[in-house]
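Protein sequence lines, in the order shown, are assigned to chains A, B and C.
Position 306, counted from 1, in the first sequence is what the working numbering calls 541; the numbers after and before it change by one each time, with no gaps.
Position 28, counted from 1, in the second sequence is what the working numbering calls 1037; the numbers after and before it change by one each time, with no gaps.
Position 113, counted from 1, in the third sequence is what the working numbering calls 127; the numbers after and before it change by one each time, with no gaps.
Hints listed in this document are in silico derivations from the structure and should not be mistaken for laboratory results.
It is possible that some hints are incorrect.
To be verified - Calculated Cβ distances over 10 Å to all of chain C for the following chain A residues: (1) Phe-253; (2) Gly-272; (3) Val-317; (4) Arg-426; (5) Ser-436; (6) Pro-452; (7) Ser-469; (8) Arg-500; (9) Gly-542; (10) Leu-552; (11) Val-556; (12) Phe-564; (13) Leu-631; (14) Ile-633; (15) Met-639; (16) Gly-646.
As the list claims (entries may be wrong) - A short, non-exhaustive set of chain C residues, derived as facing chain A with CB atoms under 7 Å: (17) Pro-23; (18) Trp-24; (19) Val-27; (20) Leu-39; (21) Leu-40; (22) Ser-41; (23) Leu-57; (24) Ala-80; (25) Ala-83; (26) Val-98; (27) Val-115; (28) Leu-117; (29) Thr-172; (30) Leu-176; (31) Leu-179.
All residues carry an ideal CB built from backbone N, CA and C; glycine is no exception.
So the chains spell out like this:
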Amino acid sequence: MLLGIVLIVLALLGAPLFAIIAAGALVSFIAQDPAQGVVVLIEIFSIAEMPILLAIPLFTFAGYILSESQAPDRLVRLTRAVLGWMPGGLAIVCIGASAFFTAFTGASGVTIIALGAILYPALAQSGYHEKFNLGLVTAGGSLGLLFAPSLPLILYGVVAGVNIDKLFVAGVLPGMLMLAALSIYSLWVNRHTRIPLAHFSWREVGSAIVDSIWELPLPVVVLGGIYSGLLAVSEAAAVTAVYVVLVEVVIRREISLAKLPDIMRESMVLVGGILLILGASLASTNYVIDAEIPQRLMGIVSDYVDGRISFLFLLLLFLLVLGAFLDIFSALVLVVPLILPVAAQFGVDPVHLGIIFLAAMQLGYLTPPVGLNLFIASYRFDKSIIHVYLATFPFLLILFAAVMVITFWPGLSLVLLD
Amino acid sequence: KLATIAPEGSEWMTEHRRAATLIKERSEGRVVLKFYGGGVMGNDKKVLRKIRIGQLQGAAFSTSGLIERYPDIVLYGMPFVFRSQEEVDYVRREFDSVLLTGLREAGFISFGFAGGGFANFMSSQPVKTHENLKGKKIWIPAGDANSFAAMEKMNLSPVVLPLSDVLTGLQTGLLDVIVTPPSAALLLQWYTKVKYISRLPVAYTMGLMALDERAFGRLSETDQGIVAEVLTETYLRLDQINRTDNREARDALLANGLEIVEVSQDDVPYWRSVADEVNSHIWHERAVNPQLYDRLMESLKVYREDEDEDEAELEPVVDAGM
Amino acid sequence: MTPAKDATPWLQVASKLGRLLENLLLSVLLLGMIGLASTQILLRWSGSGSLAWGDEAVRLAVLWIAMIAGIASAREDRHISIAVLPRFLSAKGRAVAAVVVDLFTVMVCLTLAWYGYKMVALAYEFKDLLLDGLPAWPFQAVIPVAFLVIAYRYLVWTARRLRTLISGGKSG
Ligand code: NA
Ligand code: NA
C-alpha cells in the first residue's frame, strides 16, 4: 500500500514509467524472496520470445518514413479531389485523412504534426472558423486508432493474448462510427457557413490518384496480405517497411539516405520506450498472477457490481478517468491484465473489451491534465492549452457519445467477426 | 508452485488438482501444490528459468519442453520411430526407468509419463505428400532438433515456437501446419484454426510432471513418499485416460468439421528414410547417452521380428494414433 | 539534447561518439531485422526452406532495439512519463523533484542491472543455448549492460540538475 502511494507520487513527479512499473515488480518479488528479483528480468527478456512484437518496430518505422515524406500532401490532395466539392467536404477530408494516417503511424501524435501542417491552413483558407479547425485537427490526431494496423490495437492483442486479426476486423465498424459522427457534426456546424466549394473534376481525381499511385496499395498490402493468409501480421509489417522504404527513399527520393539514420533513431526511440514499459509490465503482471490478485479483485468488484451493464458503466467511468492521466500505451500494459479476467466473468468478450478500451483511451488524448493531442496542437499551432481544449470540447462530446454506443452495443464490434 | 499449459477446467487440470488435494490431505497440509494453468507462467524455457531461481518448483511439460535440460527425453518423440501404440508400450517397459533416472541426474524428479498418442499433421490445406508441405510454415516445438533437422533435410520451412505460442502462431498466420495429437489440438484450442488431419503417425508425444530436485529434497522422507505415490498413480491414470481421450478427441475434431486426409502410401518410405538418417545423426550428436538410441532401435527390431512383419508395416499408417 | 555547455571537450567527444554508436546499432538492428524477415518470406515462397535461426534472430533484434533505444531515450531524458505535478511546483520545487526522480530511476536501473547480471550468470552456468547452438548469455547480456548505461545517464542528469539547483539557489 505504502509502496503504491510512493510509486504513484514518483510517477506524477515525472519518473519514467518503465522504472515505476519495474520498481513495483522488483519490490514485490524481492519481498517474497530476494533471489526472485530475477523474475523481473526473465520477464523483460521475454520481449525476445514474442513473435508478434516484431510488428511494432516495423509498422512504426514505416509510419515515420511516410510522415517524413510528401505522402501526407498527396493523401490530402487525393481526398480533397474526391470529397472537396461537398459542403463541409474539406472537414471530411481532414477526418478521413487523419484516420488513415493515424492507423499507420500508431497514434503517437505524428498525425497532428504531419497532417495538421497541411490541413490547418487549408481549412482556414477555405473559410472555416479558426476554433472549429483547431478542434477538428486536434481531435483528428487520434482518429483511426481502431483501424488496422494501429499500434495500440496490436499492443492490446499482445497484452490480452487476443487474436490480432480479429481485433483488426472488430475495429472497423466502431472506427467508422466515430468518423461518421464527426463528419455529421462538421456538416451540421458549417451548414450556415458560406464556404466556396471546390469544383469536382475527374481530371483532378485522376491526376491525384496517379500522384499517390505508390501509397494507395498500402492498405491492400497490409490487410490483403494478412487476410489472404499469405503473410503473418509480423510479416505484413516487414513487407510494409520494405515497401515504404522502396517507395519513399528509392523511387520517389523524398527522403535522402543521409536522413534515414535519424528517422530510424527517432522511430526506434519511441518503440524502445513502449517495449521497455511492456517488458516491465510483463513482470508486474506476472506478480499479479503469482499472487492471485485477479481472483481477489473479482471478489471486490462483484460486491459492487451485479451485472454486465453495471460492470460496463463502471468500466467506462474507470477508463475515462484513467485516460485523463495515463497515455494509451501505459494504460494498456498496466490495466488490461487486471480487468481482462474480471470482464470475462461479466461476459464481456475480450475482443469487445479491447475496442472499448481503445475507444475510451482515444478520448484521453483530448482530456486534461494529460492529453497528448492537446499538448501537441498547442505547441504546433502556438495556441494556449485552454484555447485548444475549448476548441476541442465539442468534438470530445461527440466522440464520447460514440464511445457510449461502442461500449453498450457489442454487436457493432463483433458482428463482422462471424 | 507448479506451472502447466493445460487450461483451467480441462480434465488434465482436474486430475492434477485432485492429486494436489490428495497430497495436501495425506501430508496433513505440509505439502501444498498450487497449479498455475493456461500457460500464464510463460513458455517452457521461461518456466525452466523460473524453476531455476525458485519462483516455481516444477511444471507439467511436454517432452520437448525439457530437451534443453535433458536432451535424451526426446527418445520416444523422434519422428517416424514407432509405428503403433503397441510398439511404444513394448519399449516403454524397458526405457521409462532409464529416462526417469536421467532426468533425476539433470535435476528433475518425475513420476512417470503420460502418453499423448501419435501426432499427426493438422493444416489449413490438405497434406497428402511431403510435396504439400513445401512453402508452408510448419510448427516445430522449440528445442526439437530431430524434427527440425528432418524438415531442413526436406527443404521445408519449419517455424520454431514454444508450445504456448502455437495458438497465436496459428491465429496470426505464423503457422500453416502443426504436428500434434488430436487430444492436444482439442485441449489447447488449436483445432479451431486448422481444417485437415492427415492420417500419418508422425511422432509419439508425452507429458510429464517434473519437480525441481532441490525443492523435492527439502521435503521430509515421508512427504516425498506421499508426493511420489500420488503423482505416480496420477500419471498412470493420465496415461490410461489419454488413450481413450485421443479417440474421443479425434471424433470431437471430426464433429467440429475437420476432415481426415489419407496420406499417400508411396510417400511413407520417403518420410521414414529421412527420419532414420536424421534421428540417428542428431541423437548421436546431442544425447547424454548415445547408446540409448541404438538400444531402442534394437529393442524395436526384436519386437517387430516377433510380430507379423507385413501387418506392422501397413497397419500404423491406417490406424495408429487415430 | 546536445552535451552540456560546460562539459569538457573530452566528454563532448565521448557523448558524440556514444550517440553515433547508438544510431549505428539501431540502424543496423532495424535494417537487419527488415532484411532477415523479408528473406525468410522470400525463401519460403520460393520453396527453398528458410533459415533455421532466422525467426529467433529477428526476435532477439527486437529486444536489442528495445534496450538500445532505452539508452538513447535516457540520453535525452525522453522516457515516457506522467509528469503532472511539476506544473504545480515552483521552479525550485521542480528542480528538487527532478533530482529525486532521477535518483529513483538510477536506483531502479542499478537493481535491474544487478538482477540482469544474475540472470545472465545463470544462463552461462546452465549453458543455455540459442540460435541453433550458440550460447544464450551474450545475447541476454544486453539487458544488464543497457540498464547500467541508463543508470549512468540518469546519474549524469542528477548531477546536472543538482548543479543547476545549487547555482540557482545562490543567484536566487
Ligand atoms: Na506474428
Ligand atoms: Na488525457
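Each hint tested on the structure:
1. The Cβ of A/Phe-253 sits about 6 Å from the closest Cβ of chain C, inside the 10 Å cut-off, so the non-interface label is violated.
2. Against the 10 Å criterion, A/Gly-272 falls within the reach of chain C, whose nearest CB is about 4 Å from its own CB.
3. At roughly 33 Å, the least C-beta separation between A/Val-317 and chain C is larger than 10 Å, which holds for a residue marked as non-interface.
4. With a minimum CB-CB distance of about 39 Å to chain C, A/Arg-426 clears the 10 Å threshold, and the non-interface call stands.
5. The claim that A/Ser-436 lies off the interface holds: its Cβ sits roughly 40 Å from the closest Cβ of chain C, which is beyond the 10 Å cut-off.
6. For A/Pro-452, the shortest C-beta to C-beta distance to chain C comes to about 17 Å, beyond the 10 Å cut-off, and the non-interface label holds.
7. Chain C draws A/Ser-469 into its interface by the beta-carbon criterion, the shortest separation being 7 Å against a cut-off of 10 Å.
8. Not every C-beta of chain C lies more than 10 Å from that of A/Arg-500, the closest at about 5 Å, which undercuts listing it as non-interface.
9. Non-interface status of A/Gly-542 relative to chain C is upheld: no Cβ of that chain comes within 10 Å, the nearest being about 33 Å off.
10. Taking the minimum C-beta to C-beta distance to chain C, about 20 Å, the non-interface status of A/Leu-552 holds against the 10 Å cut.
11. For A/Val-556, the requirement that its beta carbon stay farther than 10 Å from each beta carbon of chain C is met, with the minimum near 13 Å.
12. Its closest Cβ contact with chain C, about 7 Å, brings A/Phe-564 to no more than 10 Å, contrary to its assignment away from the interface.
13. Residue placement check: A/Leu-631 keeps its beta carbon more than 10 Å from all beta carbons of chain C (closest about 19 Å).
14. At roughly 26 Å, the least C-beta separation between A/Ile-633 and chain C is larger than 10 Å, which holds for a residue marked as non-interface.
15. With a cut of 10 Å on Cβ distances, A/Met-639 stays outside the contact zone with chain C, its closest approach being about 26 Å.
16. At roughly 35 Å from the closest C-beta of chain C, the C-beta of A/Gly-646 stays outside 10 Å, upholding its exclusion from the interface.
17. The interface hint given for C/Pro-23 is broken, as the beta carbon of that residue sits about 24 Å from the closest beta carbon of chain A, more than 7 Å.
18. Checking C/Trp-24 against chain A: minimum C-beta separation of about 24 Å lies over 7 Å; hint violated.
19. At a threshold of 7 Å, the smallest CB-CB gap from C/Val-27 to chain A is about 19 Å, leaving the interface hint violated.
20. Checking C/Leu-39 against chain A: minimum C-beta separation of about 10 Å lies over 7 Å; hint violated.
21. For C/Leu-40, the suggested interface contact is upheld, since its CB lies about 5 Å from the closest CB of chain A, less than 7 Å.
22. For C/Ser-41, the shortest C-beta to C-beta distance to chain A is roughly 5 Å, which falls under 7 Å, so the interface hint holds.
23. Given the 7 Å rule on beta carbons, the hint for C/Leu-57 is violated: about 12 Å separates it from the nearest Cβ of chain A.
24. For C/Ala-80, the interface hint holds, the least distance from its beta-carbon to any beta-carbon of chain A being 4 Å, beneath 7 Å.
25. Of the supplied interface hints, the one on C/Ala-83 holds, with its beta-carbon coming within about 2 Å of a beta-carbon of chain A, less than 7 Å.
26. Among the interface hints, the one on C/Val-98 holds; its C-beta lies about 5 Å from the nearest C-beta in chain A, closer than the 7 Å criterion.
27. The interface hint given for C/Val-115 holds, since its Cβ lies 4 Å from the closest Cβ of chain A, which is under the 7 Å cut-off.
28. The criterion of a C-beta within 7 Å of any C-beta in chain A is not met by C/Leu-117, whose closest approach is roughly 10 Å, and the hint is violated.
29. A hinted interface residue such as C/Thr-172 counts as satisfied when its beta carbon comes closer than 7 Å to some beta carbon of chain A; here the least separation is about 12 Å, so the hint is violated.
30. Using the Cβ-Cβ criterion of 7 Å, the hint placing C/Leu-176 at the interface with chain A is not satisfied: the shortest such distance is roughly 16 Å.
31. With its C-beta approaching chain A no nearer than about 15 Å, C/Leu-179 sits outside the 7 Å limit, and its interface hint is violated.
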